[in-house]
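Next come the chains, spelled out residue by residue.
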Amino acid sequence: MCLGIPGEVIEFLPDQPDLARVDVSGVRRVINVGLLDDDPPKPGEWVLIHVGFALSKIDEAEAAAALQFLEGIGQAYADELEALQGSQIE
Amino acid sequence: MRFVDEFRSADKARALAAKIAGLCEPGRQYKLMEVCGGHTHTIYKHGLEDYLPESVTLIHGPGCPVCVIPMGRVDDAIALASQPDTIMTSFGDMMRVPGSQGSFFDAKAQGTDIRMVYSPLDSLKIARQNPDKRVVFMAIGFETTTPSTAMTVLRAAAMKLDNFSVFCNHVTIIPAMKAILDSPDLRLDGFIGPGHVSTVIGCRPYEFVARDYGKPVVVAGFEPLDILQSIYMLMLQLSEGRCEVENQYTRVVPWDGNLAALNAINQVMELRPYFEWRGLGFISHSAMRVRPEFAAFDAELLFEVPGVRVADPKACQCGEVLKGVLKPWECKVFGTACTPETPIGTCMVSPEGACAAYYNFGRMNRRRKVEVTIS
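These protein sequence lines map, in sequence, to chains A and B.
Counting from 1, position 63 in the first sequence corresponds to residue 63 in the numbering used here; the numbering is continuous, with no gaps.
To get the numbering used here, take the position in the second sequence, counting from 1, and add 1000.
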């Protein structure tokens, strides 16, 4: 829950501009991007996600580093991904 | 992994370590606290202490939100969840945290409806699917998760959802740092500031540490080289007699934080007069509660909360570990009665807790041999 996980923005949901579909380590889920309203990410850009909310935009290098860090953590990241898989934000 | 190499090169780590060693004054001891549990994890995973000179000690701070939840609040949450027609939702991290009568997992095994969610927003769907139940989200965390709870309450209000509420346990990092600075037990020389919390609050809130206490703060990223770089920046300030707030993690943390997130928090929540932290006791203005304008979403008003204060188990020395007075392995029950499988104290529950980090990486004491864990 404390982990910031990097996700690549795939698309915005047509009828809900606050919500975007992202790809996190191959898992595609919907997250809220409303906290980045001042400088919204575009599809193909990366964001750091905390419990379903994008809190900052990051570049690809930072995303790769963050991902490597998370994969090194092991179980905690596996748990986070499993939780994300169960997520159904709408 | 060309991207990652830039943050993990062993040569760069050794070069930084040599620069840090060059800044040490002979005979002076340096104590630097990493506030955030994520940093503690990196330090032990990569054996970063082994790169540092003998005179530089890293102290592990209270920045693990699961670790600072007092037993009484766990009991309160279970009492809430046990009410008729109630569903409690919680992050997975919270499930094993022991209360005086057991954890959320224990309560769930006895039939209490407690469900793990990834995001507080997932609770809204559960609330809509169960209109005849009351859904309470167990809200925990520092400023990294507080905006999410606030945004979820705003969304619930917009949806006019009347069966959703939050049991608010959000804590704020600044008063905890102040409590540590005021503690007579410990003399610190500087802080490695938390990375993700600062994404939200920015760097300005740490200015009092430099101004009023004369200690430097460097906000740091989570890669091994980020942390070594931050230690170098702290040591450079100390050697030059400066004390300032600096941002090593500029690639993620804006100096002013995330204003939209801060606005969401301020709209929905206000500071409590005081809040109990496990091991640290009561700290003034150190936690958030739901504002009266959003009383319809405040589980503390909607439900009867026992609010009984429960003392920590006698054998547990989490408080000393959270303040950095004791190293985890110096606790009487570390690794014997208290393990990640059967935690007595919260520091052993979360992977970001100092005790779990020590235990999982087998770093029972500080060895001097440099291990090549940065590749």
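Be aware that a few hints might be false.
Taking beta-carbon pairs under 10 Å as the criterion, some of the chain B residues facing chain A (in silico) [as the list claims (entries may be wrong)]: (1) A1018; (2) G1037; (3) S1055; (4) P1065; (5) D1085; (6) L1124; (7) F1222; (8) V1333.
Now the in silico label distances, taken between C-beta atoms and shown as ranges [claimed, not checked]: (9) L13/A with D1085/B: 50 to 56 Å; (10) A1311/B with D15/A: 48 to 54 Å; (11) D15/A with K1160/B: 41 to 47 Å; (12) R21/A with Q1129/B: 33 to 39 Å; (13) D15/A with K1314/B: 53 to 59 Å; (14) K1314/B with P14/A: 57 to 63 Å.
Hints are computed from structural coordinates only; laboratory data are not their basis.
Built from N, CA and C at the ideal position, the CB exists for glycine as well.
Evaluation of the provided hints:
no., hint, result
1, A1018, "23 Å, violated"
2, G1037, "7 Å, holds"
3, S1055, "28 Å, violated"
4, P1065, "7 Å, holds"
5, D1085, "22 Å, violated"
6, L1124, "8 Å, holds"
7, F1222, "5 Å, holds"
8, V1333, "22 Å, violated"
9, L13/A with D1085/B: 50 to 56 Å, "32 Å, violated"
10, A1311/B with D15/A: 48 to 54 Å, "52 Å, holds"
11, D15/A with K1160/B: 41 to 47 Å, "19 Å, violated"
12, R21/A with Q1129/B: 33 to 39 Å, "21 Å, violated"
13, D15/A with K1314/B: 53 to 59 Å, "57 Å, holds"
14, K1314/B with P14/A: 57 to 63 Å, "58 Å, holds"
Of the hints listed earlier, those the structure fails to meet are numbers 1, 3, 5, 8, 9, 11, 12, in rising order.
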